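Engineer: So you can see what is in the structure, the chains are spelled out below.
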Amino acid sequence: MQIRYRLALTGTAALGAVGTLAAPATAQTLNLSVAIPRLSVAEYHRPYVAIWIEKEGATPRSLSVWYDYDMKNGEGTKWLRDVRQWWRASGRALKLPADGVTGATKAPGDHKLSFTAGKGPLGALGPGNYTLFIEAAREVGGREVVRLPFAWPPKPGATVKAQGSTELGAVALTFGK
Amino acid sequence: MKATYLIAGALAALMLPATAQAHRQWMLPSSTTLSGDDSWVTVDAAISNDVFYFEHFPMATDGIAVTEPDGSTGTIENAAKGRYRSTFDVHLTKPGTYRIANVSTGVMGSYMLNGKQERLPRGTTKDKLASVIPAGATDVQTAEMSNRNEIFVTLGAPTTTIFKPTGTGIEMVPVTHPNDLVSGEAATFQFLLDGKPAADLKVTVIPGGIRYRDALGQMDLTADKDGKVVVTWPEPGMYWVNASIGGGREGGPGGPGGMGGPGAGALGAAPTPPARPAGPPQRRAAYVSTLEVLAP
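From first to last, the protein sequence lines stand for chains A and B. Numbered continuously in our numbering, the first sequence closes out at residue 177. Numbered continuously in our numbering, the second sequence closes out at residue 296.
Bound conformation, chain A alone (with noise of 0.2 Å):
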């Protein structure tokens, strides 16, 4: 808690006074490919997914968050807390559904995102060393985390590859103009 609250302080003071020296003069993208694998289960349910980013010193940033937002009640929320890493990292502090962030749950296969920094829920990106997390939990079933780390600014044609083991397959980002 306490370490949470100093990186809240400090963080948001540094973001903001990098992010906008450091503007890039063309906006500049994430590429995000996301496969969520086909399961022969007997109770299949779509997981929820978080994707986040965070760098050290700094606030966790919310890119995506897929889950059954349209449920009466808000029901759909109250398994948000079993995307547990995302959960304490940046979900509890959000405000839900939020604009650009919430998403529905996908099906199995290849998923594509982008974001844009300086824009949406990337916002402005000071250089560093980054990880983009991707957290996958399912209705009666299981739950897994991928990493990626990247440096920003990143390096023309970098790429960044891993692999989930049971709740995610592949997972690539890539980063354009």
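Treat the hints as calculated values from the structure; they're not laboratory data. Just to be clear, a hint being listed does not mean it is correct.
Said to hold, decoys possible - So the derived label-pair ranges between C-beta atoms look like this: (1) 113/A <-> 296/B: 23 to 29 Å; (2) 141/A <-> 230/B: 32 to 38 Å; (3) 79/B <-> 127/A: 56 to 62 Å; (4) 211/B <-> 41/A: 42 to 48 Å; (5) 42/B <-> 131/A: 33 to 39 Å; (6) 23/B <-> 127/A: 40 to 46 Å; (7) 195/B <-> 75/A: 39 to 45 Å; (8) 237/B <-> 113/A: 33 to 39 Å.
Computed from a predicted structure; not experimentally measured. A virtual CB, placed ideally from N, CA and C, is assigned to each residue, including glycine.
For this one, chain A is given, so just place chain B on it according to the hints.
Structural biologist: Okay, now just chain B, sitting in the frame of chain A:
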């Protein structure tokens, strides 16, 4: 951690007779970390030997109070008492951290009347003390008791409004929030006795699930001069936390792990039975909580 386990295991064997009579009181919430705008927790409350198995006696629910994140008083719902455990629900409708607590205070003691020693009736409170001691009583000796059994649950982000100490009995003031605990991380809690740092307080932490392992896995901690203890959680799960003074109970003087108890002696030394209290009754205070530790 390994070393602690070995020692804890050896001690557990020595302490069996003592712990068999410990009758630990506990409340076990269905969740401590909740999301959404509206949620429920259901709580089991019992008195038993092994945590967290209902096997002995239900805990009374009449004295259980709910403090909502903004400090206002909440209610328990659907309270029921079974043979071995009580159960009740708490409806969470406000974001933040709730306290669910059973807090009691009382006075025990004795007096001499017509050459005979008489005890104060059970349930005597400080304000009724004058009315229970008859005229002509001499050698009046009293001591206060304060018991606190509390758990915390959080809807959304943890908050700290409810942690303002009352100044009575043993209280826990979080440095690390009790609903922000993760295995492998260290958590710090400050204990107060009657509002002041409880220096040297013995605090016992036992992981739940005792039935399915041989070693108790008990962690015996001693508060520093500021009343602070640091716990590094070896694994995720529910943990029973206990501290007491003056009653010969677990964690307190005379109890296992307390001064004069088996845990205090050199490893391998035969445990000395605690001496019967002599002289005036001692101030007694006890603290119990159940903390949930999540996986990273």
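Engineer: For this structure, which hints from the list above don't hold up?
Structural biologist: Of the numbered hints given earlier, those the structure breaks are 4, 6, listed in rising order.
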